[in-house]
Each structure stands twice: as C-alpha cells, then as structure tokens.
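A.B. asks: Protein sequence lines, in the order shown, are assigned to chains F and B. In terms of the numbering used here, the first sequence opens at residue 1 and continues consecutively. In terms of the numbering used here, the second sequence opens at residue 1 and continues consecutively.
The hints are simulated quantities; they were obtained by calculation from the structure and are not laboratory data. Where a beta carbon is used, it is the ideal one built from N, C-alpha and C, also for glycine. Be aware that one or more of the hints could be misleading.
Here are some chain B residues pointing at chain F (derived, C-beta under 8 Å) [said to hold, decoys possible]:
1. Thr-41
2. Thr-42
3. Ser-43
4. Gly-45
5. Gly-53
6. Thr-54
7. Val-56
8. Val-64
9. Ser-79
10. Ala-127
11. Gly-130
12. Val-151
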Amino acid sequence: MFPARFDYVAARTVEEAIAAKATGDETRFLAGGQSLIPMMKTRLAVPAKLVDINRIPDLDGLERVDGHLRVGALVRHAQIVQSDLAFGAIASAAPWISDPLVRNLGTMCGSVAHCDPEGDWNSVLLATGADVVARGPNGERVISITEFVVDLFTNALADDEMVTEVRIPMPSGRAGGSYQKLERKVGDYATVAVAAHLELDADGAISKAGVALTAVAPVNRKVNAAEEVLVGSQPGDAVFAEAAEVAAHAAEPRDDVRGTSDWKRNVVRVFTRRALAAAAAQAQGS
Amino acid sequence: MQITVSVNGSEHTHDVEPRLLLVDFIRTRAALTGTHIGCDTTSCGACTVLLDGTPVKSCTVLAVQADGRAVMTVEGLDSHAGGPAIKAAFKEHHGLQCGFCTPAMMLVAAALLEEHPDPSDDDVRWAISGNICRCTGYMNIVTAIRAAAAVPAAS
Chain F
1 MFPARFDYVA ARTVEEAIAA KATGDETRFL AGGQSLIPMM KTRLAVPAKL
51 VDINRIPDLD GLERVDGHLR VGALVRHAQI VQSDLAFGAI ASAAPWISDP
101 LVRNLGTMCG SVAHCDPEGD WNSVLLATGA DVVARGPNGE RVISITEFVV
151 DLFTNALADD EMVTEVRIPM PSGRAGGSYQ KLERKVGDYA TVAVAAHLEL
201 DADGAISKAG VALTAVAPVN RKVNAAEEVL VGSQPGDAVF AEAAEVAAHA
251 AEPRDDVRGT SDWKRNVVRV FTRRALAAAA AQAQGS
Chain B
1 MQITVSVNGS EHTHDVEPRL LLVDFIRTRA ALTGTHIGCD TTSCGACTVL
51 LDGTPVKSCT VLAVQADGRA VMTVEGLDSH AGGPAIKAAF KEHHGLQCGF
101 CTPAMMLVAA ALLEEHPDPS DDDVRWAISG NICRCTGYMN IVTAIRAAAA
151 VPAAS
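Work out the full structure: start from the sequences and follow the hints.
C.D. replies: What follows is the structure in structure tokens.
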C-alpha cells in the first residue's frame, strides 16, 4: 500500500511551516506520522500537501518551565517514557501508548492534534488541565485542552496554525495520577481507558480532581460531575466508588469487536475506581 | 525529488515520489529484501529497520523523511557491535521458525542490547512487544536475545 500523490515540503522553521500550510487546501503537518501515514495508505486521509516539521530544530524540548511540563511538538512518546520529568498520569500513560516502535516516532503533540477519541494523551491532558500552544501567522495563542478538543478528529486550530507545544501544569503540593488502560494486545487501541489526577490540600482532602475517559465516547471525555464529587472529600473507597458510578454514566460506549457497551461501561466503573485509588496512594506518598 | 539515504553504510541516491515508503525504497531501490512487508498497517513490525540507530517501522516512514539519514537493515547487522552474537544466538537457540519476523527481531535486539547490555526477560519482552511472530516462537526469541547479551560485544 502507498498513499495517494501529494506535494512534500520539509520546513526548516516554524514560520516556514505555517506559511507552507497556509498556501493550500488539504495540507497536513507531518510529525511522527504514526497515525497520518496509515490513514493516507488506506485513503482515509488524502492531503494534497504534507508539510514535514521533523527537520525544524528546537521542537523536541521536554522541560520544566514556570511550573509547567513543556512538551515540544517533536517530543516522541519514547522520550516521555524515559524522562524523569514525567509525573502522575503522564508517566503512567506513556508506556501504554501503542508499541515501542511507534513510540520511537509518534509525538504527544501530533496525537493531541489528531483528536482520535481512542487516543490516550487527550484524556491525560483533560485530567491534568493542560494547555495547547499554537502558532499562526499572527503569533502564539494558548488554548485550554477542553477547548482544543472539539469533536471526533476535529481540533480548534485554524488552517494556518500549528501546535508547537503542550503545557501540563506541575502541581506544587501533594499530587498523584494514574492511567488505567485495557487493550487486547500491545499496539491495539484502548478498549477502555481512564485517566485520573488528584491534588491534596494540607488536611489531606482532595483540592483538585481530574477524570477523563478514552474510547467510550465520540471524544475523549472529561467527567466534570465525577470531579465535583471528589473535590472537598477525603480520599477513600466510598467517594471513589461514587465518582466511578458517575463516570460510568457519563460514558457512551458502543458495541464493537472489543466488547459490548454494557461491559465497557462496567470497565469504566472499575478502572475509574482503580485509577483514583492509585492516584490517591501516589499523592499521599508524595 | 532526489534523496540520498545511507543504507548499511552505502549511500543510495534516487529520484523518488514523496509517497514512496521507506520500506519500498529499501526493497526496490536499494535492492535489499531482508526487510519484510508483513501487515503494511503499522501493526506487525516485520519491516523494522534502525533509523539513525532507533528501531522504527519502515512501512510508516516516507523515504523522503530518511533523506540524509542512516538506515541499518538486517543485511548490515554484521557491522553492528552486537550483530554477529545475535545472529549466532538465534541459530543456536532456534530463535526462528519461518523466519519472516526474524530480521526485525534481530534489529530490535541489537538496539536493545546497545542500551541494556544485560536485559531481563521482562526487558526483552517489552522491547519486542511491537513485533509479532506469527509462529508464536517468542520463548526461543527471548532466550536467544538473552544469550546474545551474555556474549561480550566485539569491540
């Protein structure tokens, strides 16, 4: 298999990439290519032009800046797996992204922009309250992940904007996170996955909570109602069970080859509980 | 467009369409057929090559992305520090049955041993988890890679 014909531009700077993107319809950025190239081979994507950003210097920074974990547009999943800076749900999810070979090329920012509801990172970013930084001809803008994820394969970027980094807030106090994923085999999409993030106040009560679901709705779903149940409570089995029940109700799973909707909803219930318990244990030990 | 890719140390310059996949460049332009096309859907890992030393699925990389970069295929494995030991260990421990996944498995092993000279079973299983053996001969593949690790690398 090979993709349909397209024009190819290897950009050397972000400005060059944005300019190249703006000049044609159906132009796509090529970062890791681990979703885009398979989609082009099956003609699910037929871009007229690809703007390769892999040769742009300084986009592969993974660093702590001003209380955020800054993940540049060319940071590969494997870099995050190996990084000491990854924390909570980020560190928990990274080794579960696809398989080792895909992780060597695929990028967090590419996955985030792709907005596939079966993708893992957007749930993690929704749970941790991250921002997406986009650059266009008129400069930079910071988009909250809740606004960035619009719909199935649809993000909030304008045609001439490029994701240059993701910023994940690094909690200053006691915090923990977890990503619980069920997959049939390494490299398969999630059957169900749940991201959880908890922060505790001085009394040990939950001061901030994030819960988001993968592969059980048309988009990665942040469960605000579950977060409201958690905030203000002391961490514990009863409140986790209550939040898990809310998450299970918020899921809209579909019957497919991976399982029935009823069964997936139950997995959401169990995995939310487990993710919250793991997040709390990590926060209490931190 | 014209690209030059170093394959196992030899430079290959060809005029290619941007849509040519790296695996097809290797098989049809560099005429090295040890790199296999299995699923062609980024699932099986049979097309694994080392791109600047990192294992990647060459069916999911455009040849133009490899312009100016170095590719190692199974045919170049002897020039890799751990290569000869890996090949000998796969033979000794029956680390292959039909052989289709073997070039990829050995390249992943080479990259693993460079980073982890003494991997555990778990390390090896983790490293090869993106590579499918349809004969399900994983036990002997793991044994072979660990045996290769026990051989001092040629310097």
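A.B. asks: Confirm or reject each hint.
C.D. replies: Here's how the hints hold up against the structure:
no., hint, result
1, Thr-41, "holds (6 Å)"
2, Thr-42, "holds (5 Å)"
3, Ser-43, "holds (6 Å)"
4, Gly-45, "holds (6 Å)"
5, Gly-53, "violated (10 Å)"
6, Thr-54, "holds (5 Å)"
7, Val-56, "holds (5 Å)"
8, Val-64, "holds (6 Å)"
9, Ser-79, "violated (21 Å)"
10, Ala-127, "holds (6 Å)"
11, Gly-130, "holds (3 Å)"
12, Val-151, "violated (23 Å)"
Consistency note: the structure conflicts with the earlier hints numbered 5, 9, 12.
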